[in-house]
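With the hints as extra help, turn the sequences into a complete structure.
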Amino acid sequence: MLVITGETMSEQKTIPTKYSLLESVLAQKGLPLKGIYTNRDAAEIFGVSVRTIQDRVRNGDLVSRNLPGHGRFLSEDLENFLRNSTRSQAAGTESAE
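No gaps in the numbering here: position 63 of the sequence shown is 63 in the working numbering, and each next residue is one more.
For the record, the hints were derived by calculation from the structure and aren't laboratory data.
Everything numeric in this text was worked out from a predicted model, so none of it was measured.
In this text, a Cβ means the ideal position worked out from N, Cα and C, and glycines have one as well.
Take the hints with a grain of salt, since some may be wrong.
Said to hold, decoys possible - For each label pair, taking beta carbons as the anchor points, the in silico distance ranges come out as:
#1 T17 <-> D55: 26 to 32 Å
#2 R40 <-> S85: 24 to 30 Å
#3 S20 <-> R51: 24 to 30 Å
#4 L31 <-> G69: 16 to 22 Å
Set out below in structure tokens:
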């Protein structure tokens with residue numbers, strides 16, 4: 001996702017966003033980018049239960065922080081989770097050569 005600044009065409013520049021994957025997911029779901037997210041926020045973003053988010057934290061897949069209030073994640077944490085969350089090839093299947 002890119003942000004365009006400037007009032008005239010000659011002044012417009014494209015600036016890459018800092019959290020491109022997270023912002024893309026948020027835009028698809030119509031959710032705003034926030035500074036701090038709760039377990040419930042993360043569950044809504046990823047379309048899973050709060051329990052699944054807690055399991056991902058417990059397994060070390062998702063980094064959780066001790067933030068004020070109920071906040072557990074920064075935008076950076078969710079972006080890193082998205083960057084590192086690729087599916088591996090199913091066990092027992094081999095690629096064709």
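Against the structure, the hints:
1. T17 <-> D55: 26 to 32 Å: With a Cβ separation near 29 Å, T17 and D55 satisfy 26 to 32 Å, so the hint holds.
2. R40 <-> S85: 24 to 30 Å: Given a distance of about 19 Å, which is not inside 24 to 30 Å, the answer is violated.
3. S20 <-> R51: 24 to 30 Å: The hint (24 to 30 Å, Cβ to Cβ) holds, given that S20 and R51 are roughly 28 Å apart.
4. L31 <-> G69: 16 to 22 Å: Once the Cβ atoms are compared, 19 Å apart, the range 16 to 22 Å for G69 and L31 holds.
In the structure shown, a violation is registered for the earlier hint numbered 2 alone.
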